[in-house]
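Engineer: Go by the hints and put chain B with the ligands onto chain A.
In case you want the letters, here they are:
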Amino acid sequence: MASRRRMLLKVIILGDSGVGKTSLMNQYVNKKFSNQYKATIGADFLTKEIQVEDRLFTLQMLILPFLQIWDTAGQERFQSLGVAFYRGADCCVLVYDVNVVKSFDNLNNWREEFLIQASPSDPENFPFVVLGNKIDVDGGNSRVVSEKKAKAWCASKGNIPYFETSAKEGINVEAAFECIAKNALKNEPEEEIYLPDTVDMAGSSRLQSSSSGCEC
Amino acid sequence: MQDADEQHDLSDDSDYAAAKHQGSGMGVLSESVEAGGFDENDAFEVVYSKENVAIHPSQHIGERISGQLRVRKQRSSLFLRWVPYIHIHHEADYARNLSKSSTLAKDIQLYVINDLPFRCIRCIHRYIPPLAWQYIIIVLSSGLAYPPLYFYNGGIREFLATLKQHLLVVRSADNVNVFLVNDLQDPLQRSLSSLDLPRAVPNSRASSVKSPTAAFAFDEPQTSGRAKTNGTSGASEFAEQQAVKSHDPAFEISLQVLEKFSLITKFACETTSSIFHERQNQNCPSFEKISGENSSSKVLKSDKMLEPSHPLQFDNSLIHIGEPRQHPLDSRELATFFDSEGRVNDSLALRKRIFYGGIEPNARKEVWKFLLGYYLYDSTYAEREYLDSVKKSEYDCLKSQWQSISTAQVRRFTKFRERKGLIEKDVVRTDRSFSFYEGDENPHVKLLHDILLTYSFYNFDLGYCQGMSDLLSPIFFVIEDECESFWCFVALMERLGPNFNRDQSGMHSQLFALSKLVELLDRPLHDYFGQADCLNYYYCFRWILIQFKREFEFKNVMRLWEVLWTHYLSEHFHLYICVTILKKHRRTIITERMDFDTLVKFINDLSGKIDVDEIVREAEGLCLYAGEKGAACIPPGTPPSLPSDIASDFYPDNGDL
Ligand SMILES: Nc1nc2c(ncn2[C@@H]2O[C@H](COP(=O)(O)OP(=O)(O)OP(=O)(O)O)[C@@H](O)[C@H]2O)c(=O)[nH]1
Ligand SMILES: [Mg+2]
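The listed protein sequences derive, respectively, from chains A and B.
So the first sequence is numbered by our numbering: it starts at 1 and just counts up by one.
So the second sequence is numbered by our numbering: it starts at 1 and just counts up by one.
If we strip away everything but chain A, and leave its shape as in the complex, we get:
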């Protein structure tokens, strides 16, 4: 029997406060943008049923903003919140605001924080996706981080796929999450993927080849 777990893809979304994590997730799941989202306290959690290569999955998206308030570095007294929340993550999405340089600079911290806390078995190859959000603001005139700079950073970290998005205008959001889902799937160890008897092996190899490219 296929376990429930295998049909779930768990995605952690990290980034500075206000870069638009909640907005992106809502744009993807509910296809709308609102100015009235509240700042995330604790964790935001949304799920979406998705289809990847003819297979159905539940994409679990978890936003954890409080870690930026309490960076737990050096505080070993308690089990970090991150350890509990990051467990079993299949993909980690790092978001920054193209209009705020600090949010870009922090990407490195977020990535390292995640790798330390989640301690994935193969950190070198753990799938990340980077999103540069709010490209719509001021027609792009207030932008302070160039696409080139962002892509260079992603390349230096093992070719992390990169997308420029606007949660407000719905630009590139669908494409970004499609890539996120595929990358999450890639993280599943081969033998753990449940293949019903009838599945043709071509299906799974197609998945392999497309996910490595990801067109990102």
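Check each hint, because a few of them may be wrong.
Claimed, not checked - If you want a taste of the chain B side facing chain A, the calculated C-beta under 8 Å gives, among others:
#	residue
1	ARG412
2	PHE413
3	LEU422
4	LYS425
5	ASP426
6	THR430
7	GLY467
8	VAL600
None of these hints come from the bench; they were simulated from the model.
Glycine included, C-beta positions come from ideal geometry on N, C-alpha and C.
Structural biologist: Okay, now just chain B with the ligands, sitting in the frame of chain A:
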């Protein structure tokens, strides 16, 4: 562990009245009490026997377990026995049944009434619905009750008549269908012993919390005399744990049985509390002497007797209930709490009043300043006026500190820029759908910003943390004045500031206390969380961090907060609210075997679906039940306690409980 203790307490309780008599030398104990329970090997007489007496384990009328009801007399004591037929007639098939449909057989076992001594019975309710089967409910002296027993062959009248021949059975003065059972010779003593104990009512509620296990505890004393089993840890709980561990298909069904027990107990709780009730409540019964030959005995008077069409229709998630909520305190009533100079002399009475009813919106502005600690209760009008003026200039001074930072300075002041940026980002995301903060360029949003930025200068070390805007928003809405809102917020942060400590210590101590409380008050749920690796309680993080601000609509947040701020039953009443909400959903959590992630989502999604009055009422009941054991779960200094608080009025006068 804890549960086993509880059960001992409870089973002891059933003997409490008798033991008390013994202690006070009343000399009215029958031999059987001394001897313990019913002894199969000794001679007995069957004084009553009825076939086809059934219980309905669920609301489906088709699901019924029929059996035989007997009253047996041994020496001078009476014992009640109900045994399902499967138990009597199919002993041989029993093992096979167990393996085939183990769930059913095991469940039926749970309902057996095993030679219950009548001295453990407080009263018997008779229900005679016009178009349905007649049934009785047996209420134990602890307040627990057995499931309704349906007499399919009739015979309730005969049953009661038989009892009357052997016991003292007093009909309730106001409800002809309630029979107070009493096998002690002194009815007055007996009534008093079960009524006048300060613990009587809390106990009956208390027992109901533990309903599933406690209900069994009453079966135990008779058997345990011979075979003292570890089964005191609770047959049901054991079943539950086992099932969770072994993925037993019986699991779900045994949980259902548990739920049934708890709802029955809840029913019993309501039934009994409508008889043995909080006196102050108008709707509730009072005690009254009846005239005539029985004039010395006190009999219960009930104004409003519960008559459910079917006892199983009660909401099964409610296990525990406190007082009915009162209407909110209005300005006119509020005025009565002030003396001529403006002092609140009886602050406890005021806090109690608010705890049970909340405050009318137009009276909030005044009272919140006291509740939050900005005003002192024993201050006079004149003193408060003076305080206001001093605090006004102090605020202006603090505010001017950041207002005077020039744009050039700001460029070189990263910390300030970041802080201001964070606040700006948050105030525009705070309660914007609530009319007071709605719309572009709303001046109230700007003032939220100013107050928060000023606070970050007032307490530079703590600064601004996400969540603070949520805490300020209702305060500013109620207080309206910028400066007074600031000082009220300062007072609140005296208590809640540790929630935002960088080292998480404030939150962790509360989460720790919460886990201790769940362990005390819902052991099976605690055990489940242990198995599912969910004991960190991080899924309750938001509840505690901002005092349920995101879980209720704005107006209900205000209601809840003023209740919490009274610190009437406990400074940590919010933790009892947490436990109550978790308990309410324990069944879903356990049957669906939620893992950590699922639990996070589940708890998040409860937002907006919790009834504030209901939850407060149940948490009150739970808090009273937990009593000092509950308080002992919460280490001193756990927020929102003030650092050097004198914990003198945690448990105010229990006189009316
Ligand atoms: N113009 C524009 N504004 C956006 C966009 N995405 C988000 N915003 C706005 O940016 C602010 C922050 O967005 P959120 O989605 O709440 O940000 P977040 O990353 O979830 O923030 P935290 O919950 O504090 O961690 C809100 O006021 C949004 O309306 C975008 O693509 N374009
Ligand atoms: Mg957010």
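Engineer: Now, for every hint given, state plainly whether the structure supports it.
Structural biologist: Evaluation of the provided hints:
A cut of 8 Å between beta carbons decides the hint on B:ARG412: the least distance to chain A is about 16 Å, and the hint is violated. A hinted interface residue such as B:PHE413 counts as satisfied when its beta carbon comes closer than 8 Å to some beta carbon of chain A; here the least separation is about 14 Å, so the hint is violated. The closest approach between the C-beta of B:LEU422 and any C-beta of chain A is roughly 6 Å, which is under the 8 Å cut-off, so the hint is satisfied. Hint status for B:LYS425: holds, given a least beta-carbon distance of 4 Å to chain A, under 8 Å.
Contact between B:ASP426 and chain A, as hinted, is supported at the beta carbon level, the nearest pair being about 5 Å apart and thus within 8 Å. At its closest, the beta carbon of B:THR430 sits 7 Å from a beta carbon of chain A; the interface hint therefore holds under the 8 Å criterion. About 5 Å separates the beta-carbon of B:GLY467 from the nearest beta-carbon of chain A, less than 8 Å, and the hint is met. Against a cut-off of 8 Å between C-beta atoms, the interface hint on B:VAL600 holds, since the closest Cβ of chain A lies about 6 Å away.
In summary, the numbered hints that this structure violates are 1, 2.
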